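> Construct the entire structure; sequences and hints are all you get.
Those sequence lines, one after another, are chains A and B. The first sequence runs 981 to 1503 under the numbering used here. The second sequence runs 55 to 179 under the numbering used here.
It should be emphasised that the hints constitute simulated quantities derived from the structure, not laboratory data. Errors might be hidden in some of the hints.
If you only want the chain B side, here are some residues facing chain A, beta carbon under 8 Å, derived [to be verified]: (1) 82; (2) 90; (3) 100; (4) 115; (5) 137; (6) 139; (7) 140; (8) 141; (9) 145; (10) 155; (11) 167.
Label-pair restraints from in silico Cβ distances [said to hold, decoys possible]: (12) 1184(A) to 55(B): 21 to 27 Å; (13) 65(B) to 1088(A): 53 to 59 Å; (14) 1023(A) to 136(B): 28 to 34 Å; (15) 1417(A) to 142(B): 37 to 43 Å.
Everything numeric in this text was worked out from a predicted model, so none of it was measured. No residue lacks a Cβ here, since even glycine has one placed at the ideal position from N, Cα and C.
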Amino acid sequence: MIDFIIEHAVVWPVAVPITAAALAAMFWLRQDIQRLVSMVGLVLMLGASLLLLVTVMQDGVQARQFGSWAAPFGISFAADLLSAAMVMITGVLAVAVGVFGLADIRKREEHSGFHPLFLGMLTSVNGAFLTGDIFNLYVWFEIMLITAMGLLVLGKTRAQLDGTLKYAVLNLFSTLLFLLAVAILYGATGSLNMADLSRILATTEPSAALTLSAALFLAGFGIKAGYFPLFFWLPASYHTASITISAIFAGLLTKVGVYACFRVFTLMFEIEGSGLREAMVVIAAGTMLFGVFGAAVQWDVRRILSFHIVSQIGYMLLGLAIATPLAIAGAVFYIVHHIIVKANLFLVAGAIYRATGTYDLRKSGGLMRTNPLLAALFLIPAISLAGLPPLSGFWAKFLVIDASFQGGENWLAAVALFVGVLTLYSMSKIWIEAFWKAPPGVRQTARPVPVLMLLPIAALGAITVTIGLSPEPFIQYAQAAAETLVNPEAYIVAVLGESAGPGVEIAFDPATASPIIIEESVQ
Amino acid sequence: MDVAIALLVGAFMTLGIFLMLSRSVIRMLLGLALLGNGINLLIFVSGRLSREAPPIVPPGAYVPEGAIANPLPQALILTAIVIGFAMFAYLLILGMRAYQSLDADHTDTMRLAEPEDGPRPPLSY
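Laid out in structure tokens, this is it:
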């Protein structure tokens, strides 16, 4: 039994939440049971993520083939260090946001199916992190999109309808671009398994079809992740949802796009020499700058934070664009740090709303006096986001900027540092307006913030402080993860196993009209 | 045959993108559906077209004899069609609800999430 569980460690982070989602959907009219199922499911998912992380750290890359189809033919699941870290952080965040949701999600939102949709979205996020098949990744993206659309419009307000429509159309367009890229790639190579594609593309001559496919992958994932010219849907929709949902979206969804970019552009396509790097450098700089400029003019806490998601995505892309092991390690560290901090800031925004009754910074104030604990808990993620020592954001920024100096992109490092200053400006704006200044108007007393809201904020803050004070093990992990990304042999061997060598051979002749020929090669 | 299907894919995508550039929500959604179907056709072509060679494995054998039609694109398209249909149905309902409660089928007038008369950049610092 124990062996079975450990052997299939890569399956549980998807199997657990999808079972919980189905159970929660079955108890559609019983919100109390749904809540229980949801919490148990989230805790089990956290356990499953932990199991996967430990297994991957001990035994290397984990891979499973579904339905006993040998590797390039069936759907593979594979977890290397990056996938395991992403699943782990998803588990932590899901529990924190789930607990926060107990205090924040309204009855009618639960009636509209918050729990099944929330669990379904987590399933798709974990599935996207773990799958080793590019078409399967598309399917997880679509599941993520449809559950996210459901969650966004849960409150049924007019602003939500408006935001969701924009979110849905642009994100559906992005998954269509992704599907187009998959179609062209399949036409050129005849495979959908990412490890197999890595092997095939390494020996394939560059062609227009492959370049087009790579560009479409970048554009499709770019819309998902919120890259520079394509990010406008994000600040138009994220702030309309209920704050619990905004928090999990802010932490996870764009990062799935970033993760997919990392997977595709380290495992399958070369960034060097194909003109992709030049494009990515410009996109990274634009993402950082325009995100932070957008945030500077906003007064709504949630919109400030939404624009900052965009700006922070730029730092991650910066790591991928430079593509040295050091830069990718920095980016991996940055993703983990950012997911925790950004979701935490949204949770704090929810607590501010609970205390003052408004998200508008001009109307709130005085929280430092009335709620000093919340003020202290806000400072941890805020200072970390701005990148001041000794918190996690400092090390994340340090790694990425150091890598860009070493990679010879001095101006990118300058942009990153400048954006850091402007981030500090936005964070101090929230601090001054919501916490420091005297509250405008007559209402002097703030409402109390429930413990269920403060608890996850404190827990996520504790993680930020832990990463900040002892970054060494996390940086080592990130470096090991970057090592497996830059040299994906371990990943390929784990997925393809024996068939990576001679054995079953797939011949594909694009010159004639003859389709895939499957033949057994000579033993 | 390949050329004809390629032209058809091109026609689908052109129409889809043209409709998506419209400011009317319903046209935008129709454009998305057309684009999705164009891509489905492209998957079909990318598996290479062939005639009268069903992918059937004879009894007792593990691999089919000779060249066969590629069965995988059909499985992929089926998945994509199902997903695309569900998405389109959801989006239509969403568009209808937006039309009912925002009284707008025109994206220029849908400014609830991002109000146009928002505050100017803070000058007080």
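> Does each hint fit the structure? Answer for all of them.
Checked hints:
1. 82: holds (6 Å)
2. 90: This interface hint holds because 6 Å falls under the 8 Å limit.
3. 100: holds (3 Å)
4. 115: violated (10 Å)
5. 137: With a closest approach of 5 Å, the residue 137(B) hint holds.
6. 139: Violated, because the Cβ-Cβ distance from residue 139(B) to chain A comes to roughly 11 Å (cut-off 8 Å).
7. 140: With Cβ-Cβ at 7 Å, under 8 Å, it holds.
8. 141: holds (6 Å)
9. 145: Interface hint status for residue 145(B): holds (6 Å vs cutoff 8 Å).
10. 155: Holds. Min distance 5 Å.
11. 167: holds (4 Å)
12. 1184(A) to 55(B): 21 to 27 Å: Given about 26 Å between the Cβ atoms, the range holds.
13. 65(B) to 1088(A): 53 to 59 Å: At roughly 46 Å between Cβ atoms, residue 1088(A) and residue 65(B) fall outside 53 to 59 Å, so the hint is violated.
14. 1023(A) to 136(B): 28 to 34 Å: The hint (28 to 34 Å, Cβ to Cβ) holds, given that residue 1023(A) and residue 136(B) are roughly 33 Å apart.
15. 1417(A) to 142(B): 37 to 43 Å: violated (49 Å)
The structure shown violates the earlier hints numbered 4, 6, 13, 15.
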